[in-house]
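Trainee: Here are the chains, one letter per residue:
Protein chains: 2
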Amino acid sequence: MPINQQIVLDNRPVGDAVASNFKLISSPAPQLKDGEVLVKHHYLSLDPYMRGRMNDSKSYAAAQALGEVMIGGTVGEVVESKSAKYAVGDKVVGMGGWQEYSVASDSVVGVLRKVPDESVTQIPLSAYLGSVGMPGVTAWYGLVKICQPKAGETVCVTAASGAVGSAVGVLAKARGCRVVGIAGGKDKCDYVVNELGFDACIDYKEHTDGKALSKALKEAAPNGIDCYFENVGGWIMDTVLLRMNAFGRMAICGMIAGYNGAPMPLANPALILINRLKVEGFIVSEHMEVWPEALQELGTLVATKKLKARESIASGIASAPEAFLGLLKGKNFGKQLVKMN
Amino acid sequence: MPINQQIVLDNRPVGDAVASNFKLISSPAPQLKDGEVLVKHHYLSLDPYMRGRMNDSKSYAAAQALGEVMIGGTVGEVVESKSAKYAVGDKVVGMGGWQEYSVASDSVVGVLRKVPDESVTQIPLSAYLGSVGMPGVTAWYGLVKICQPKAGETVCVTAASGAVGSAVGVLAKARGCRVVGIAGGKDKCDYVVNELGFDACIDYKEHTDGKALSKALKEAAPNGIDCYFENVGGWIMDTVLLRMNAFGRMAICGMIAGYNGAPMPLANPALILINRLKVEGFIVSEHMEVWPEALQELGTLVATKKLKARESIASGIASAPEAFLGLLKGKNFGKQLVKMN
Chain W
168 MPINQQIVLD NRPVGDAVAS NFKLISSPAP QLKDGEVLVK HHYLSLDPYM
218 RGRMNDSKSY AAAQALGEVM IGGTVGEVVE SKSAKYAVGD KVVGMGGWQE
268 YSVASDSVVG VLRKVPDESV TQIPLSAYLG SVGMPGVTAW YGLVKICQPK
318 AGETVCVTAA SGAVGSAVGV LAKARGCRVV GIAGGKDKCD YVVNELGFDA
368 CIDYKEHTDG KALSKALKEA APNGIDCYFE NVGGWIMDTV LLRMNAFGRM
418 AICGMIAGYN GAPMPLANPA LILINRLKVE GFIVSEHMEV WPEALQELGT
468 LVATKKLKAR ESIASGIASA PEAFLGLLKG KNFGKQLVKM N
Chain X
168 MPINQQIVLD NRPVGDAVAS NFKLISSPAP QLKDGEVLVK HHYLSLDPYM
218 RGRMNDSKSY AAAQALGEVM IGGTVGEVVE SKSAKYAVGD KVVGMGGWQE
268 YSVASDSVVG VLRKVPDESV TQIPLSAYLG SVGMPGVTAW YGLVKICQPK
318 AGETVCVTAA SGAVGSAVGV LAKARGCRVV GIAGGKDKCD YVVNELGFDA
368 CIDYKEHTDG KALSKALKEA APNGIDCYFE NVGGWIMDTV LLRMNAFGRM
418 AICGMIAGYN GAPMPLANPA LILINRLKVE GFIVSEHMEV WPEALQELGT
468 LVATKKLKAR ESIASGIASA PEAFLGLLKG KNFGKQLVKM N
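Protein sequence lines correspond, in order, to chains W and X. First residue of the first sequence? That's 168 in the working numbering, and the numbers climb one at a time after it. First residue of the second sequence? That's 168 in the working numbering, and the numbers climb one at a time after it.
Some clues are possibly wrong.
Put simply, identical chains are the same to the list, so a pair is met inside one copy or across any two.
[To be verified] In silico lysine to any residue, SDA-like type, Cα no more than 25 angstroms apart, as pairs:
1. 378 to 223
2. 378 to 175
3. 312 to 493
4. 445 to 413
5. 378 to 389
6. 385 to 486
Since the hints were derived computationally from the structure, they do not count as laboratory data. Values in this document were obtained by computation on a predicted structure and should not be read as measured data.
Whenever a hint applies, use it, and build me the whole structure from the sequences.
Mentor: Pasting the structure below:
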């Protein structure tokens, strides 16, 4: 019976989330019932949405319960099985949470999904938590279904080096668009342009106010912006909004800047009218119907090395809280994962 | 040769528009060329969009030129004709501007539109500037094409007693919705409920902050709000946003509060994400394809007295500036018109 290290939510953040909101506990992995499998996690995914769950306020999803294992996407391997559907050794993607092992029942549809071996697909297991998983499909839905970019249009995406942003850019390039990223730091911008093939990337740490960012945007997107994939909110969103073309489309996805409870107004919503914009918020898990089509395209882009997603990998479940707090502050470079020891 | 009294834009507003931004001038009506008609205006329409045109800033339409007659919709009668398409006595709708007479050429499509006599249709001439004109089609497009309300859903509209708001409510009732208006003053709210048939109307002059308005909205819309037709912006929009249901739709039309140049931020745009809202700005003149269908329904609602639109009628072209400034402050009750002497 393996020992399972777990991270639970111990108390809720007041303002910024801090490490002491979490607690590391250990317990033996439970006995399996019929139809259940024990999954040993290889990677845990850390994502901005988790910050929202830490609050007790009304949101699109239930709050994370205190004292329970933090939710989170995982990839791993079946190590014990009382299910006819899964064999020991199967690679699986699921929502195993912030822990080393999880138990899943094969009777709940969608809880666990078998994925083929990397040797067959050229897709590494960790990619199912990023480009070929929830963040990738988020990019696909917001870009393809909400923004609906046409060849020749200009697409702008914030958090451009991240798991979602990188996929947005590569998907937009594949559709013949000019793609402008916004990211924090020269390294991230270099990666976005040189490895992902964006046409330009603006470093918001170099252009630190609306005026400077606006000028940089004007140079990077001389024909204005038709599609905006919004991941951060705040002053960057305000500035991009000023550069939107008439009939522009905005997919509202992240707004990280708002998760910590700080007020984050939109300076000039009248621009939605003036430029006849369509602005739409979405949650990818509510659009399961697009997943097969999206994963097909994303998987191909990863396998053919057109989408070379970066990963920031923390080591061991105990490192998850600090890695997560770093993610909220933009310290990660690409998809933030925790690799189990 | 009749004398034509005209109101021109003399100088641009700094902050609030004031009467001295306008100037009354007189000149003889011009000689007609072949293909032209002289229209004697019966009514001039005053609309919030005109405030935007008074600014020199970039917007969806060109700024009103200084020294030229203010633009505006008009209904009137052909009094001289050098066109085979129009006869003296024809009733016509056009964009004649703030003046007593205008000249229109029959070679420019859409400049002038003949309308049938009231005796035939039961639709009074002035209605073509309101319920059966641009404001009515604005209501129709925003509600039917953007909000797409379903029977049983709750629709909220601000400036509910106005030319647009009244039509939004009646169109929504015809679609089986619960309709909640927001208007300023008991008289307006009584009219909205008793004569237009809204289910409820909230007086924002009685509920003067977000907390009070939110409480009133909760009572008037116990199931939350699915569709919001936005005419005013500011704190009222912020408050309504908090009561929107998941997958709600917002048609952004007016934002009067912003026309005078005061900053009018949106307090919590993260709600667009949290509630997966679709927010869309629009200008009705860019959707001419819907006008026939919209005018058909609106005309029927007016002729059958289901849409009993109020009118505030100022007397004589010289009264237009004060009437317009009153409109911007919500002093009008229903569609603001100027009746020519």
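Trainee: All the hints need checking, so say for each whether the structure fits it.
Mentor: Okay, the hints, checked on the actual structure:
{"no.": "1", "hint": "378 to 223", "result": "between (37 angstroms within a copy, 21 angstroms between copies)"}
{"no.": "2", "hint": "378 to 175", "result": "neither (43 angstroms within a copy, 36 angstroms between copies)"}
{"no.": "3", "hint": "312 to 493", "result": "neither (31 angstroms within a copy, 43 angstroms between copies)"}
{"no.": "4", "hint": "445 to 413", "result": "both (10 angstroms within a copy, 17 angstroms between copies)"}
{"no.": "5", "hint": "378 to 389", "result": "within (16 angstroms within a copy, 44 angstroms between copies)"}
{"no.": "6", "hint": "385 to 486", "result": "neither (41 angstroms within a copy, 44 angstroms between copies)"}
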